[in-house]
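Visitor: Residues per chain are reported as follows:
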Amino acid sequence: MKKLLNAVDDAVRESLVGFGAAHEELVRVHLDPMYVTRAQPLLRGTVAVVSGGGSGHEPLHTGLVGEGMLAAAVPGEMFTSPTPDQIAAAYQAADAGGGVLAIVKNYTGDVLNFETAAELTDGLDVEQVLVNDDVAVEDSLFTAGRRGVAGTLLVEKVAGAAAERGDDLAAVAEVARRAAGAVRSMGVALRAPVVPHTGRASFDLTDEEVEIGIGIHGEPGRHREPFTGADAITAALLDAVTDDLRLASGESVLLFVNGMGATPLSELYVVYGRARTMLAERGVQVARSLVGSYVTSLDMQGASITVMRLDEELTSLWDAPVHTAALRW
Amino acid sequence: MKKLLNAVDDAVRESLVGFGAAHEELVRVHLDPMYVTRAQPLLRGTVAVVSGGGSGHEPLHTGLVGEGMLAAAVPGEMFTSPTPDQIAAAYQAADAGGGVLAIVKNYTGDVLNFETAAELTDGLDVEQVLVNDDVAVEDSLFTAGRRGVAGTLLVEKVAGAAAERGDDLAAVAEVARRAAGAVRSMGVALRAPVVPHTGRASFDLTDEEVEIGIGIHGEPGRHREPFTGADAITAALLDAVTDDLRLASGESVLLFVNGMGATPLSELYVVYGRARTMLAERGVQVARSLVGSYVTSLDMQGASITVMRLDEELTSLWDAPVHTAALRW
Amino acid sequence: MTLDVEWARRWVALAAQAITEAKDELVELDREIGDGDHGVNLDRGFAAVAAKIEGMDRPATVGEILTTVATTLMSSVGGASGPLYGTAFLRAGKVSGLAELGPDAVVALLEGALEGITSRGRAGVGEKTMVDAWAPAVEAAVRSAGAGDEPAAVLRAAADAAADGARSTIPLVASKGRASYLGERSAGHMDPGARSSAILLDAAARAAA
Amino acid sequence: MTLDVEWARRWVALAAQAITEAKDELVELDREIGDGDHGVNLDRGFAAVAAKIEGMDRPATVGEILTTVATTLMSSVGGASGPLYGTAFLRAGKVSGLAELGPDAVVALLEGALEGITSRGRAGVGEKTMVDAWAPAVEAAVRSAGAGDEPAAVLRAAADAAADGARSTIPLVASKGRASYLGERSAGHMDPGARSSAILLDAAARAAA
Ligand SMILES: Nc1ncnc2c1ncn2[C@@H]1O[C@H](COP(=O)(O)OP(=O)(O)O)[C@@H](O)[C@H]1O
Ligand SMILES: Nc1ncnc2c1ncn2[C@@H]1O[C@H](COP(=O)(O)OP(=O)(O)O)[C@@H](O)[C@H]1O
Ligand SMILES: [Mg+2]
Ligand SMILES: [Mg+2]
Ligand SMILES: [Mg+2]
Ligand SMILES: [Mg+2]
Numbered sequence: 001m002k003k004l005l006n007a008v009d010d011a012v013r014e015s016l017v018g019f020g021a022a023h024e025e026l027v028r029v030h031l032d033p034m035y036v037t038r039a040q041p042l043l044r045g046t047v048a049v050v051s052g053g054g055s056g057h058e059p060l061h062t063g064l065v066g067e068g069m070l071a072a073a074v075p076g077e078m079f080t081s082p083t084p085d086q087i088a089a090a091y092q093a094a095d096a097g098g099g100v101l102a103i104v105k106n107y108t109g110d111v112l113n114f115e116t117a118a119e120l121t122d123g124l125d126v127e128q129v130l131v132n133d134d135v136a137v138e139d140s141l142f143t144a145g146r147r148g149v150a151g152t153l154l155v156e157k158v159a160g161a162a163a164e165r166g167d168d169l170a171a172v173a174e175v176a177r178r179a180a181g182a183v184r185s186m187g188v189a190l191r192a193p194v195v196p197h198t199g200r201a202s203f204d205l206t207d208e209e210v211e212i213g214i215g216i217h218g219e220p221g222r223h224r225e226p227f228t229g230a231d232a233i234t235a236a237l238l239d240a241v242t243d244d245l246r247l248a249s250g251e252s253v254l255l256f257v258n259g260m261g262a263t264p265l266s267e268l269y270v271v272y273g274r275a276r277t278m279l280a281e282r283g284v285q286v287a288r289s290l291v292g293s294y295v296t297s298l299d300m301q302g303a304s305i306t307v308m309r310l311d312e313e314l315t316s317l318w319d320a321p322v323h324t325a326a327l328r329w
Numbered sequence: 001m002k003k004l005l006n007a008v009d010d011a012v013r014e015s016l017v018g019f020g021a022a023h024e025e026l027v028r029v030h031l032d033p034m035y036v037t038r039a040q041p042l043l044r045g046t047v048a049v050v051s052g053g054g055s056g057h058e059p060l061h062t063g064l065v066g067e068g069m070l071a072a073a074v075p076g077e078m079f080t081s082p083t084p085d086q087i088a089a090a091y092q093a094a095d096a097g098g099g100v101l102a103i104v105k106n107y108t109g110d111v112l113n114f115e116t117a118a119e120l121t122d123g124l125d126v127e128q129v130l131v132n133d134d135v136a137v138e139d140s141l142f143t144a145g146r147r148g149v150a151g152t153l154l155v156e157k158v159a160g161a162a163a164e165r166g167d168d169l170a171a172v173a174e175v176a177r178r179a180a181g182a183v184r185s186m187g188v189a190l191r192a193p194v195v196p197h198t199g200r201a202s203f204d205l206t207d208e209e210v211e212i213g214i215g216i217h218g219e220p221g222r223h224r225e226p227f228t229g230a231d232a233i234t235a236a237l238l239d240a241v242t243d244d245l246r247l248a249s250g251e252s253v254l255l256f257v258n259g260m261g262a263t264p265l266s267e268l269y270v271v272y273g274r275a276r277t278m279l280a281e282r283g284v285q286v287a288r289s290l291v292g293s294y295v296t297s298l299d300m301q302g303a304s305i306t307v308m309r310l311d312e313e314l315t316s317l318w319d320a321p322v323h324t325a326a327l328r329w
Numbered sequence: 001m002t003l004d005v006e007w008a009r010r011w012v013a014l015a016a017q018a019i020t021e022a023k024d025e026l027v028e029l030d031r032e033i034g035d036g037d038h039g040v041n042l043d044r045g046f047a048a049v050a051a052k053i054e055g056m057d058r059p060a061t062v063g064e065i066l067t068t069v070a071t072t073l074m075s076s077v078g079g080a081s082g083p084l085y086g087t088a089f090l091r092a093g094k095v096s097g098l099a100e101l102g103p104d105a106v107v108a109l110l111e112g113a114l115e116g117i118t119s120r121g122r123a124g125v126g127e128k129t130m131v132d133a134w135a136p137a138v139e140a141a142v143r144s145a146g147a148g149d150e151p152a153a154v155l156r157a158a159a160d161a162a163a164d165g166a167r168s169t170i171p172l173v174a175s176k177g178r179a180s181y182l183g184e185r186s187a188g189h190m191d192p193g194a195r196s197s198a199i200l201l202d203a204a205a206r207a208a209a
Numbered sequence: 001m002t003l004d005v006e007w008a009r010r011w012v013a014l015a016a017q018a019i020t021e022a023k024d025e026l027v028e029l030d031r032e033i034g035d036g037d038h039g040v041n042l043d044r045g046f047a048a049v050a051a052k053i054e055g056m057d058r059p060a061t062v063g064e065i066l067t068t069v070a071t072t073l074m075s076s077v078g079g080a081s082g083p084l085y086g087t088a089f090l091r092a093g094k095v096s097g098l099a100e101l102g103p104d105a106v107v108a109l110l111e112g113a114l115e116g117i118t119s120r121g122r123a124g125v126g127e128k129t130m131v132d133a134w135a136p137a138v139e140a141a142v143r144s145a146g147a148g149d150e151p152a153a154v155l156r157a158a159a160d161a162a163a164d165g166a167r168s169t170i171p172l173v174a175s176k177g178r179a180s181y182l183g184e185r186s187a188g189h190m191d192p193g194a195r196s197s198a199i200l201l202d203a204a205a206r207a208a209a
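Chains as they are written, first to last, in the working numbering: chain X, 1 to 329; chain B, 1 to 329; chain F, 1 to 209; chain V, 1 to 209.
Simulated from the structure, these hints should not be mistaken for laboratory data.
Quick caveat, the model's predicted, so the values are computed rather than measured.
Even glycine gets a Cβ: it sits at the ideal position worked out from N, Cα and C.
It is possible that part of the hints are untrue.
To be clear about the criterion: a stretch of chain V counts as covered by chain B if any three or more of its residues have a C-beta under 8 angstroms from a C-beta of chain B, and this derived list gives those stretches [said to hold, decoys possible]:
hint : region
1    : 30-43
2    : 64-77
3    : 80-91
4    : 162-169
When the alpha-carbon atoms are kept at most 35 angstroms apart in a straight line, the in silico DSBU-like pairs for lysine-lysine are as follows [stated by the list, open to error]:
hint : chain 1 : residue 1 : chain 2 : residue 2
5    : V       : LYS52     : V       : LYS94
6    : V       : LYS23     : X       : LYS2
7    : B       : LYS2      : V       : LYS23
8    : X       : LYS2      : B       : LYS2
9    : F       : LYS23     : F       : LYS52
10   : F       : LYS52     : F       : LYS94
11   : V       : LYS23     : V       : LYS52
12   : F       : LYS23     : X       : LYS2
13   : V       : LYS23     : V       : LYS94
14   : F       : LYS23     : B       : LYS2
15   : F       : LYS94     : F       : LYS23
16   : F       : LYS52     : X       : LYS2
17   : V       : LYS52     : B       : LYS2
Could you put the whole structure together from the sequences, leaning on the hints where they help?
Guide: Right under this line is the structure:
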């Protein structure tokens, strides 16, 4: 395995140190335990929006710490949920008296560690919002429930904007839950990521197959099918997402085409263009867009499509200023 | 070959259409011939900074069209210089009476096509600045000269800022030349890109080798060596760059760690962290930083390190507002 | 052989060693139906645990050791298994505030662990998780203690039942944890957490032998 | 066989066909010492040229056709070879404003092409570029015409010399174009542009045969 890393066990820490140095005007990196906070403290009384999860999805979550978005992020080891002591330390550091809104991707590991962390921080007001946007997981009765994937970034953006404008904890939680309810995603892998600790691809695909409905941890997906080009893949992903959302003509959405880490931007725009045309044909208006590799899975080749149903408030929270390493306007 | 594309011959065009739709508030995409201009025309008399080159390096150059940076970009086919008629059309469309500054990466193809384009646009005032920052090309007496690589983005940023503040053509050209003279780069490949038209890796590396001193078109590099981890690679690249720049203790620089397209952001930060430490040890101050996949080579895995010697003016031009799809502050 | 503080120390040392040896196997099991990190997570955790317990100054009770195991795992493993094993050892430690464990105390320890896992993870038997190792282990321990066995024999019975339980997960379709996303595709593979649970209980029995 | 407008049309058609057939070979040559697009670039260009020339309404002179080839290549090939071949055909067209070419006119056409390539690309003989095909082709044409050969024979001499010239690039170390970045590593491979030049001249000779 060749990666721009040194000792595998140091990878998360070394990367975090570099991240902190590159963005010292924006963030502070804490190493023991590991978490990232804003360089500028929150205004007293502001809700601290905190998120975290396994590493390997960069820029999520560390790259989203900053004005208008996260107050803190908690990176775990590669593809491994952070530990409760890390999360609790981040809560303590981020809280500015307005309480903490934790945005948690729905994975057993994340859920259990965040839950345990909340038990460790008795004095703090912590609310939690689960993101479970992945429509690839169908039957949540027989599973741990839908996973949280790229839609997480959108929930973090609107929650961060609500906190920044001064909403209280209940209100920020309410808007985050509404955003989480309005967002759906589905992804495809053309090639699995190589996880540093194993040095191997996390699953094997032939040169003619794609894996549809993958998560972001190198887990295999819902099914495997022959590769038939960008248009067909785009249709499969978008249909699953819009069917689940029951999108109707006349509605307005945010369309987010996300790269999994090793996908050229030019290909993401091909997918975006096709998805956009399909939505237009159905009378759905794409009012806001995001295209790029934001919620990645190390060096996985592939993409996901996320659609969020917009209303006026979600639109204006999306538009609100943000100043982080990965998103800025 | 699996890529998120449809017919290979349509890839550049389809991607461009998607790009235009995703950023309609910023750019206008023209298809026959292909070029991209800003959605908002330049202020009358402003110098139009134009760049272009083969596609496959996204977000360079199309993603850099917008306020404070490029007035127009001219994408060729994949890894193939654009044609003179495309370039000339972009010049005509972008010119706002202040003349055109063309920023050209030093490749025979780019040089010859831009040169021919200038001959086609007799009425226009066109100045050209060559970027040749790649120190991997040593003996320019025996070659087509140093190549233009990731440093191009920095030259485009400062030239765009100079144009935006109202400098005339000679002054914008002067500052662009000064920036080009102050910037050096070198890159490494861990895996070659797969070029759509051939469906194959453009060179073959074993799992224990890296290619040092690569260009951004899948050309093989200066030499091949055993892979020995991020720190050793960082040192090799940074030393070559700083030696060539003759950087001295006390100087102030911009440090740009660029991903080649398929490299996880987390790895770029590992390289950045190491380079930053090395520069600090030499008494060089990293005053500005950029980390991300901006000047890519399709799905090549690898990175490049770029250093630009800063002075007060270059720093303030770097800091000047920019609003493009890929860079914004 | 009495199950005292020294036994608990031996357990930890043997567990850390066994997990290191099984690291690749656990990674491979988790790669098949999860995300391939289970072996790495536990190895990181038990290395931290071993170092911590070695450096512990004269613990008076088995419970003290188990509680330290719990908090160390909790802050070093991450993933799903971190809080699950952490809570298991925490509850096991709570009921083991003794200098020495008899047969009933061993049963209580195992029951505490299982209760910790199910209260944290809310999985029942047959969902293809570590519960499928711990539940039969507790049953076997109850039977063995009821039959008047020595503590060491109670542990051996539990460990063997856990190994059988781990094997029993192979045909199951997962409905909890990451493997559940695979649906039917999860059948045919042993659950990594059940396997590591069997390894840990085997180390406990060996430490007592 | 006279070298008239019909010959020029046949040349274009045969050239387009030969380039399509050699596309993979040219890609492979360019992949070895360049960026692997030469065959694709030329195939795109000559497909456009063939369509353009087919649709041309009664060109009166060979030069008219060559000029159209030039502008079409210029706007469809890109890369280094686009402006080089474009300028070559432009200069060749300029000196071929005739309905029919005699031996001296063939020499003038080839000289014009070479002059276009060197004025645009500033490469001399031995730098491992297409110049290494065109320069010997011009020399051979001059000799052949001087010896009183028919136009078709002059073209055949030029084409054969270009093929030899292309082969002569194999041991060379490139000092122009993309291959020059490889330094010594460029030796041992034929220059793709020299190879495509030989293919184009062979098509010209076959069109005249
Ligand atoms: N809800 C649950 N209850 C009990 N055990 C669980 C539950 N979810 C997962 N597990 C166990 O955790 C194991 C996976 O652990 P690990 O790989 O370390 O975490 P992750 O799944 O977060 O990568 C599974 O094999 C299973 O035994
Ligand atoms: N300065 C030059 N003069 C003459 N021919 C050149 C020069 N530079 C490059 N070439 C020719 O161009 C060919 C490469 O063409 P092509 O692959 O289409 O363009 P690019 O190198 O831009 O990818 C080379 O094989 C060589 O014959
Ligand atoms: Mg995990
Ligand atoms: Mg090229
Ligand atoms: Mg796992
Ligand atoms: Mg080429």
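Visitor: Each hint needs a verdict: does it hold in this structure or not?
Guide: Each hint, compared with the structure:
1. 30-43: The restraint on the region 30-43 of chain V holds, since 7 of its residues have a Cβ under 8 angstroms from chain B and three suffice.
2. 64-77: holds (count 4)
3. 80-91: holds (count 7)
4. 162-169: It is violated, with 0 qualifying residues against the three required.
5. V:LYS52 to V:LYS94: 19 angstroms, holds
6. V:LYS23 to X:LYS2: 34 angstroms, holds
7. B:LYS2 to V:LYS23: 22 angstroms, holds
8. X:LYS2 to B:LYS2: 22 angstroms, holds
9. F:LYS23 to F:LYS52: 20 angstroms, holds
10. F:LYS52 to F:LYS94: At roughly 19 angstroms apart (the allowed maximum being 35 angstroms), LYS94 (chain F) and LYS52 (chain F) satisfy the hint.
11. V:LYS23 to V:LYS52: 20 angstroms, holds
12. F:LYS23 to X:LYS2: Given pair LYS23 (chain F), LYS2 (chain X) holds - Cα atoms ~21 angstroms apart, limit 35 angstroms.
13. V:LYS23 to V:LYS94: 29 angstroms, holds
14. F:LYS23 to B:LYS2: Holds, at roughly 34 angstroms.
15. F:LYS94 to F:LYS23: 29 angstroms, holds
16. F:LYS52 to X:LYS2: 34 angstroms, holds
17. V:LYS52 to B:LYS2: With a Cα-Cα distance of about 34 angstroms, the restraint between LYS52 (chain V) and LYS2 (chain B) holds, given a limit of 35 angstroms.
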